[in-house]
Amino acid sequence: MSKYDAKYLEDKLRARFDASHVEVSDDSDGCGGKFSVIIVSKAFVGQTLLQKHRLVNQSLAEELKSIHAFSQKTYTPEEWEKVQQQK
Amino acid sequence: MAVLTVENSEEYQKYISADKTTVALFSASWAEQCAQVNDVLNELANILGDKLQFITLDAEKFSEISMKHQIEAVPTVIFFNKGSAVDRVDGVDIAAISSKSKKLAESASSAAATGQTLEDRLKNLINKAPLMIFMKGDRNAPRCGFSKQLIAIVNETKLPYETFDILSDEEVRQGLKTYSDWPTYPQVYVKGELIGGLDIIKELLANNELESSLKG
Chain A
1 MSKYDAKYLE DKLRARFDAS HVEVSDDSDG CGGKFSVIIV SKAFVGQTLL
51 QKHRLVNQSL AEELKSIHAF SQKTYTPEEW EKVQQQK
Chain B
1 MAVLTVENSE EYQKYISADK TTVALFSASW AEQCAQVNDV LNELANILGD
51 KLQFITLDAE KFSEISMKHQ IEAVPTVIFF NKGSAVDRVD GVDIAAISSK
101 SKKLAESASS AAATGQTLED RLKNLINKAP LMIFMKGDRN APRCGFSKQL
151 IAIVNETKLP YETFDILSDE EVRQGLKTYS DWPTYPQVYV KGELIGGLDI
201 IKELLANNEL ESSLKG
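Protein sequences, first through last, are from chains A and B.
Residue 64 in the numbering used here sits at position 64 of the first sequence, with consecutive numbering throughout.
Residue 118 in the numbering used here sits at position 118 of the second sequence, with consecutive numbering throughout.
Bound-form chain A, shown alone (with noise of 0.2 angstroms):
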């Protein structure tokens, strides 16, 4: 059990990062231990894939202690558009 839900995740995530678009979606059953997130940020314009990842597991390092299992997908505005369009 964890004490986190989508929408606590998505509205922290949101205001961190100033995101033009956050998607969270809770594979547990509502359990709260599972989730896999969306970001699309300008904060992440010019950094590495795996800075982007750091920034996100530092902006969550208290909730994914009982967070079992965090997948994340992080893109730059101009990014995310271009993978709309390969839709």
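Source of the hints: derived by calculation from the structure; they are not laboratory data.
Careful, some of the hints might be misleading.
Some, not all, of what chain A presents toward chain B, calculated at C-beta under 7 angstroms [stated by the list, open to error]:
id: 1; residue: Val45
id: 2; residue: Leu49
id: 3; residue: Asn57
No farther apart than 30 angstroms at their CA atoms in a straight line, the calculated lysine-lysine pairs in the BS3-like style are these [unchecked claim]:
id: 4; chain 1: B; residue 1: Lys136; chain 2: A; residue 2: Lys34
id: 5; chain 1: B; residue 1: Lys82; chain 2: A; residue 2: Lys65
id: 6; chain 1: A; residue 1: Lys73; chain 2: B; residue 2: Lys51
id: 7; chain 1: B; residue 1: Lys103; chain 2: A; residue 2: Lys65
id: 8; chain 1: A; residue 1: Lys87; chain 2: B; residue 2: Lys148
id: 9; chain 1: B; residue 1: Lys20; chain 2: A; residue 2: Lys65
id: 10; chain 1: B; residue 1: Lys148; chain 2: B; residue 2: Lys215
id: 11; chain 1: B; residue 1: Lys82; chain 2: A; residue 2: Lys34
id: 12; chain 1: A; residue 1: Lys82; chain 2: B; residue 2: Lys215
id: 13; chain 1: B; residue 1: Lys68; chain 2: A; residue 2: Lys73
id: 14; chain 1: B; residue 1: Lys148; chain 2: B; residue 2: Lys158
id: 15; chain 1: A; residue 1: Lys3; chain 2: B; residue 2: Lys202
id: 16; chain 1: A; residue 1: Lys65; chain 2: B; residue 2: Lys158
id: 17; chain 1: B; residue 1: Lys158; chain 2: A; residue 2: Lys3
id: 18; chain 1: A; residue 1: Lys65; chain 2: B; residue 2: Lys191
id: 19; chain 1: A; residue 1: Lys65; chain 2: B; residue 2: Lys177
id: 20; chain 1: A; residue 1: Lys73; chain 2: B; residue 2: Lys20
id: 21; chain 1: B; residue 1: Lys202; chain 2: A; residue 2: Lys82
id: 22; chain 1: A; residue 1: Lys34; chain 2: B; residue 2: Lys148
For each label pair, taking beta carbons as the anchor points, the in silico distance ranges come out as [claimed, not checked]:
id: 23; chain 1: A; residue 1: Glu78; chain 2: B; residue 2: Gln70; range: 44 to 50 angstroms
id: 24; chain 1: A; residue 1: His21; chain 2: B; residue 2: Gln33; range: 54 to 60 angstroms
id: 25; chain 1: A; residue 1: Ala69; chain 2: B; residue 2: Ala85; range: 19 to 25 angstroms
id: 26; chain 1: A; residue 1: Lys87; chain 2: B; residue 2: Met67; range: 46 to 52 angstroms
id: 27; chain 1: A; residue 1: Lys42; chain 2: B; residue 2: Ala141; range: 40 to 46 angstroms
id: 28; chain 1: B; residue 1: Ala206; chain 2: A; residue 2: Ser66; range: 27 to 33 angstroms
id: 29; chain 1: A; residue 1: Glu78; chain 2: B; residue 2: Leu205; range: 20 to 26 angstroms
Owing to the predicted nature of the structure, the values given are computational and were not obtained by experimental measurement.
From the three backbone atoms N, C-alpha and C, an ideal C-beta is built for every residue, glycine too.
Using the hints provided, position chain B relative to the given structure of chain A.
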């Protein structure tokens, strides 16, 4: 050295938090197999008593502790290092109990003998092979979905790599998170540099950058 019987939970806490790695048998008086395991622990205590300590506790009397460690059957043996459970053997598996005890005793003595700090150890481990994967389980038996997916992807590249099972070493498991400032496993290192976890590997794969990244 003999197997020490735990009388109360303070005593239990003191034993498992000790500097010495602790082998704890969760047992019940009505289960004959427990006596058998207890005999084995007594023998192990004779050989390894200077490096490990052996304790036994009544799983039903200490039901809270048993719950915490999800003891579902007796006997169960749990190995503790400075308060954290680092390994376990469920049921009467004498061979596993002996080999795990011996392995822990060896690592205890090698750490003491070389005076190696944790940082040195971590550095050596991440540089052990050009491509190193820290994961739960090993390549043949990954013990978490993320580790499993990661191994499948890396196997596709046909690149040689080595793995380290973080479930076998709590000190490395916690230490590497801090050392590399990366909170989760699996972790992939190329020539001693952290590449990332599964998400990053997947993204590199999608961008056709995986092989070049893993070659470093």
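Hints, one by one, checked against the model:
1. Val45: 16 angstroms, violated
2. Leu49: Hint on Leu49/A: holds, closest Cβ of chain B at ~5 angstroms, below 7 angstroms.
3. Asn57: Given a least distance of 5 angstroms, the restraint on Asn57/A holds.
4. Lys136/B x Lys34/A: 17 angstroms, holds
5. Lys82/B x Lys65/A: 19 angstroms, holds
6. Lys73/A x Lys51/B: The hint is violated at about 46 angstroms.
7. Lys103/B x Lys65/A: 29 angstroms, holds
8. Lys87/A x Lys148/B: The given pair, whose Cα atoms are some 28 angstroms apart, holds under the 30 angstroms limit.
9. Lys20/B x Lys65/A: 27 angstroms, holds
10. Lys148/B x Lys215/B: 21 angstroms, holds
11. Lys82/B x Lys34/A: 29 angstroms, holds
12. Lys82/A x Lys215/B: 28 angstroms, holds
13. Lys68/B x Lys73/A: Not satisfied, since the Cα-Cα distance of roughly 34 angstroms exceeds 30 angstroms.
14. Lys148/B x Lys158/B: Roughly 16 angstroms separates the two Cα atoms, so the pair holds.
15. Lys3/A x Lys202/B: 28 angstroms, holds
16. Lys65/A x Lys158/B: Violated, at about 34 angstroms.
17. Lys158/B x Lys3/A: Judged against 30 angstroms, a Cα distance of about 41 angstroms means the pair is violated.
18. Lys65/A x Lys191/B: 28 angstroms, holds
19. Lys65/A x Lys177/B: Distance ~11 angstroms between Lys65/A and Lys177/B Cα, so the pair holds.
20. Lys73/A x Lys20/B: Distance ~42 angstroms between Lys73/A and Lys20/B Cα, so the pair is violated.
21. Lys202/B x Lys82/A: It holds: about 18 angstroms lies between the C-alpha atoms, which stays within 30 angstroms.
22. Lys34/A x Lys148/B: Measuring from Cα to Cα gives roughly 16 angstroms; hence the hint holds.
23. Glu78/A x Gln70/B: 44 to 50 angstroms: 48 angstroms, holds
24. His21/A x Gln33/B: 54 to 60 angstroms: 57 angstroms, holds
25. Ala69/A x Ala85/B: 19 to 25 angstroms: Taking Cβ atoms as reference, Ala69/A and Ala85/B lie about 20 angstroms apart, which means the hint holds.
26. Lys87/A x Met67/B: 46 to 52 angstroms: 47 angstroms, holds
27. Lys42/A x Ala141/B: 40 to 46 angstroms: At 43 angstroms between Cβs, range holds.
28. Ala206/B x Ser66/A: 27 to 33 angstroms: 29 angstroms, holds
29. Glu78/A x Leu205/B: 20 to 26 angstroms: 21 angstroms, holds
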